[in-house]
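4 protein chains.
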Amino acid sequence: MSSTWGNNIKLSLFGESHGKGIGVVLDGLPSGFEPDFDLVNLQMQRRAPGKNVTSTPRKEKDAFEIISGLFHGKTTGTPLCCLIRNEDTRSEDYEKTRHLMRPGHADYTGHVRYNGFNDFRGGGHFSGRLTAPLVFAGSIAMQILMKRNIFVGSHILDIFGITDQLFDPSSLNHEVFQSLSQKEFCTLDEAAGFRMKEAIIHAKSLKDSVGGIIETAILNTPAGLGDPFFDSVESKLSSMMFSIPAVKGIEFGSGFDLAHMKGSESNDAFRISNGKVGTLTNHNGGILGGISNGMPIVFKTVIKPTPSIGKMQKSIELTSLNDTEIEVVGRHDPCIVPRALPVTEAAASLVILDIILEKEGSLYG
Amino acid sequence: MSSTWGNNIKLSLFGESHGKGIGVVLDGLPSGFEPDFDLVNLQMQRRAPGKNVTSTPRKEKDAFEIISGLFHGKTTGTPLCCLIRNEDTRSEDYEKTRHLMRPGHADYTGHVRYNGFNDFRGGGHFSGRLTAPLVFAGSIAMQILMKRNIFVGSHILDIFGITDQLFDPSSLNHEVFQSLSQKEFCTLDEAAGFRMKEAIIHAKSLKDSVGGIIETAILNTPAGLGDPFFDSVESKLSSMMFSIPAVKGIEFGSGFDLAHMKGSESNDAFRISNGKVGTLTNHNGGILGGISNGMPIVFKTVIKPTPSIGKMQKSIELTSLNDTEIEVVGRHDPCIVPRALPVTEAAASLVILDIILEKEGSLYG
Amino acid sequence: MSSTWGNNIKLSLFGESHGKGIGVVLDGLPSGFEPDFDLVNLQMQRRAPGKNVTSTPRKEKDAFEIISGLFHGKTTGTPLCCLIRNEDTRSEDYEKTRHLMRPGHADYTGHVRYNGFNDFRGGGHFSGRLTAPLVFAGSIAMQILMKRNIFVGSHILDIFGITDQLFDPSSLNHEVFQSLSQKEFCTLDEAAGFRMKEAIIHAKSLKDSVGGIIETAILNTPAGLGDPFFDSVESKLSSMMFSIPAVKGIEFGSGFDLAHMKGSESNDAFRISNGKVGTLTNHNGGILGGISNGMPIVFKTVIKPTPSIGKMQKSIELTSLNDTEIEVVGRHDPCIVPRALPVTEAAASLVILDIILEKEGSLYG
Amino acid sequence: MSSTWGNNIKLSLFGESHGKGIGVVLDGLPSGFEPDFDLVNLQMQRRAPGKNVTSTPRKEKDAFEIISGLFHGKTTGTPLCCLIRNEDTRSEDYEKTRHLMRPGHADYTGHVRYNGFNDFRGGGHFSGRLTAPLVFAGSIAMQILMKRNIFVGSHILDIFGITDQLFDPSSLNHEVFQSLSQKEFCTLDEAAGFRMKEAIIHAKSLKDSVGGIIETAILNTPAGLGDPFFDSVESKLSSMMFSIPAVKGIEFGSGFDLAHMKGSESNDAFRISNGKVGTLTNHNGGILGGISNGMPIVFKTVIKPTPSIGKMQKSIELTSLNDTEIEVVGRHDPCIVPRALPVTEAAASLVILDIILEKEGSLYG
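Residue numbers (this note's numbering), protein chains in the order written: chain A, 243 to 607; chain B, 243 to 607; chain C, 243 to 607; chain D, 243 to 607.
Chain A with its partners taken away, still in its complex shape (with noise of 0.2 Å):
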């Protein structure tokens, strides 16, 4: 099945690219809960494209109507839906070249899992554009989290070798995240992130792309949260993440450094500290057995470069089986790390919520 996800809430995503529009179902909130669309439209924002240098001329306002779910701006607790119209879109850009697979995309495999009936344009359902009515869906769990205290929020941790600092557990709060949220290029490090634009617009300048790594953290999560084995907290947030149009590799706490370290070393010490039990550091990234363990649950997630470029590369057409090359025209991202950042959070909150309702129990918001 392609988009149903979830357990103790149900999401259904719905649409394609170039089609009438998009959208999602989400069913199992809790009912009372007054969303703040302010908030909602801040991510929307954040992920739409035509902002700045780095990212697509495409001009999406991502105007969504809420159709269902919502009574006197309360949730219902039953599902709600929301569509997102389609505009600006310039199918004859894919007319074209349907023909032509663009190597890094789902235009090859998209081909052969519907046998040919996929809507290709503009990579119909397997498009980026999909993440709209993720991060709406998503906004809405951030919302209900933070009235728990539950925070989630993320920056650029690298792109092409530019490296951010790491999140600093001593000092991270909402406070860091809701900057964060608020400045046009996610870093904590301003010069790092100058650089790295410098990196995307060279990237545009070849008619090439860049790809990144983005850190998440979710803070105030108690301890207790998820399963052992298949229902583990970061066997949920891992597939959630890779449902995430090129995200390729996520890693939890040191995660790929762990191979180089000893078990005295990456083993979080236990600390009580202010009556609370802590860890000395946070190797594990505050899940243990697939637990959280009340530290902060951090992760990493590596964004591929953008299949989009311009520049002439190898590949098929598909009708006649021959070797072909291929320019990708239209309108493109050089980087698309900066738009998944509300992406990867949408994707966490949810997460995290679906499990927390598992905890808490559906019934009441």
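Certain hints may be false.
Note: identical chains are not told apart, hence a pair may lie in one copy or across any two.
What the hints assert, rightly or not - Straight line, CA to CA, 30 Å or less: simulated BS3-like cross-link-like pairs of lysine-lysine:
1. Lys425 - Lys601
2. Lys338 - Lys389
3. Lys425 - Lys389
4. Lys316 - Lys439
5. Lys601 - Lys262
6. Lys556 - Lys518
7. Lys556 - Lys439
These are computed hints drawn from the structure, not numbers from a lab.
Note that the structure is a prediction, hence the values are computed from the model and not measured.
Model the placement of chains B, C and D on the given structure of chain A, informed by the hints.
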């Protein structure tokens, strides 16, 4: 839910490390398949403890009894239950330290999750021992895939910074996997393997432990497997891999290195070869848009250092909420990476079989 | 979770009776199927209100807009979203009586379930109006089944004790279903239908309502569909049928009459006919051990009298917790059985398609 | 998938009638619950065969072994596995007739479903014997409900047309259920029970069998349980009930009698009683709009006559596809209704617990 998994096959793990036994129910298998139990035993033995200096001296024959689902040596199509009795347990080792939270373990999170009612002996249900029934189930799945010419294999890529060579896609085949599975220490480069073993023995001499990285490959998966978004091949594989205790990161294809590449490098160029569609490189690890593209599916997982170490560590006493220190006695692996190889292969096999059955239908074996 | 269903296709219903609209997301459909929207409209019109004296004068064109999942007139294989805007709503009818709990309705249970935040207007998400998108989705499923020569049909068997003849298995075929679906009042025996309509009109004149029984049959299902226990054909069909508002009972084959039969009567004798396995009778309704046996799948569902009646009824006022009386004004069907036929057929079609796809695999349409 | 069930608790049944054993894995139970195994045994014994003239002389102690999930007598919260070894099997009875399809049984459908690889002995996985682990699991669930003051009970309402009185809602309470569960033949009216037994014995003397109807009630469920549409209380209960072999119909409240009632009769009038909301009648069986309304949840299930009868029956020989005759030898119940009571209670308890945990959350027991 802790321990139930799958869309088209359903896996249900049960048991605790020091209880009566552990096991698995595997539902949805095709009927009429005749497992080769020598191959099952081979994988079980690769995972079993007590074989050499790099693993715990706890001896478990891991003798399994098939309770149901097999008739005249063939799968019936109804649930296959496998039971493994526990033997050679030394529960008293754990009774003494039940209120001391072992760093890096699930003692504390399990206590909170289950309100203090979890079986704490040897990690209980969180124990790595639960991977034995997972290997059993995965070995059956692996054999069903082999009949479809799909092969799953892995090797140790890195231990404490000592690295094996990567799988060479141009020469990778079933024989390489077979040869690896018969090695006592699974590296492609035996000299690297020798140095890795030295590092493990050295860590052991220090009452410490080390971690590492596993590279896994799946050969001959047809293009078109998986779904966009939540049931992407990456989502399903990662979700399963993080069910394996000690896994803290996963990356597909070039993974985190994609952050330092340009799109013109990371895009795998399509080319027709022998009338079939292929790509010249495999930076995407055989998956585009969440769907297999026919290239080998390749991923790396990081295994953290064994948390059980004899060295003195800072910890807490849970009843008094006091800081204290702990030396973890008992028999433990200084490095669990070698034993994690068949677990990774089993887990990958279960995922791919589940996805294959979505395509092929589950009725006939 | 209220409104998400299915193993191999996923159905997500959304909307409220007096909100912006209602709709459905249908995920997992085979790709490349070209729906006949005349047939979809026929079923939608059979369900729509306002057609004759036996139904509510509320006029809903039930005009649907397909938002996604259709490209060049064929299913893409990715989620199909259908939106139906609400029109001709008279919400003020409900505002006046919002604290008066209508007997037989979900007003009270919905209030408790959603802590008072449910959209109470016209029953909100509980409204029978939500069966419109169900009929849309089921009509697509029904057509996919028709390509496999599987047909679903139904008729009114009983209204207020006036009975139609049962389906005659010896002559039952697609033409019978087609002829029924084109009738203004779907009975096999037109004289019985005439008397049923009289009973409905009489109930209406008394500001009262009546219920009835629907007999449904599914023809040409191959033997071997379904699973033992929890995914038995009966389990899946019944689960879906009780999703339809007002259904309070279901029986397969001879159903409750089996309580008065001997085994030698109720056992359907096997016989070879034209080289194929069949049974001489069909007391088991085409299902043995939860699995289809190749005979017609036959079941009856009982529909309770429309709870909305103009007669004075005893009720309560929820804010004051006082006893009171209520006359339900507004436009209501004195009998919903005729409009429930296409809903039952849609629901049955979705179930059978879901089971078929488990057997056949979901990849190719 | 045949044998896995549940949203908040997960049930996995395994085993075959004449294999090594049968059992169940129950995942998602609250931790810290201490089962009373005398009560479990009481329910197991009520289901067990060989007790009196109305049941098969096959003797199964149904001695169960708890493999996991229990520690110091209390649930750990991790999967509870229960294993029941098979004894006293006479497999040779079945080998002789393996190609003769027993009418009314799953021999033929199981053969087709599993392509001839099913364990045919005694019905294999389709055997009513699989209800033993279901009763085990349900008895645990029933006790967890009892701690919440929710009680589940049932009685034989009808055998071959001889009827017991209905549950009297005004006097129904836990004591009535307890008294019934201790009866050797569970009717409210002992004279009716005596005549039912005579009918069963008479059927047995004719090498025939009879069926019947069970009435089940669930007391003290709070209002607000369940969900609209696909997870309605009726959907979930019916889906589970049709998992029980031989159940062919279910009706809630007045059920099929609603077809002959007017809305003014069938609508249950709301009334305040002792400050609480109740209804004067219970034609809706405690469920409105799929949600519990606080009244007793009442339903009836019909059990078909035991298909195993000694009388000569028409059948087929599957290898030659010839018509033939069959006399089913072996030990069989002339009526399984009495033994089906604890199965129905177990099944209902599992459903209600699953729904309760959705409301309450699954973390703490």
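Violated constraints from the hint list, given by number and in increasing order: Hints 1, 2 and 4 contradicted; others consistent.
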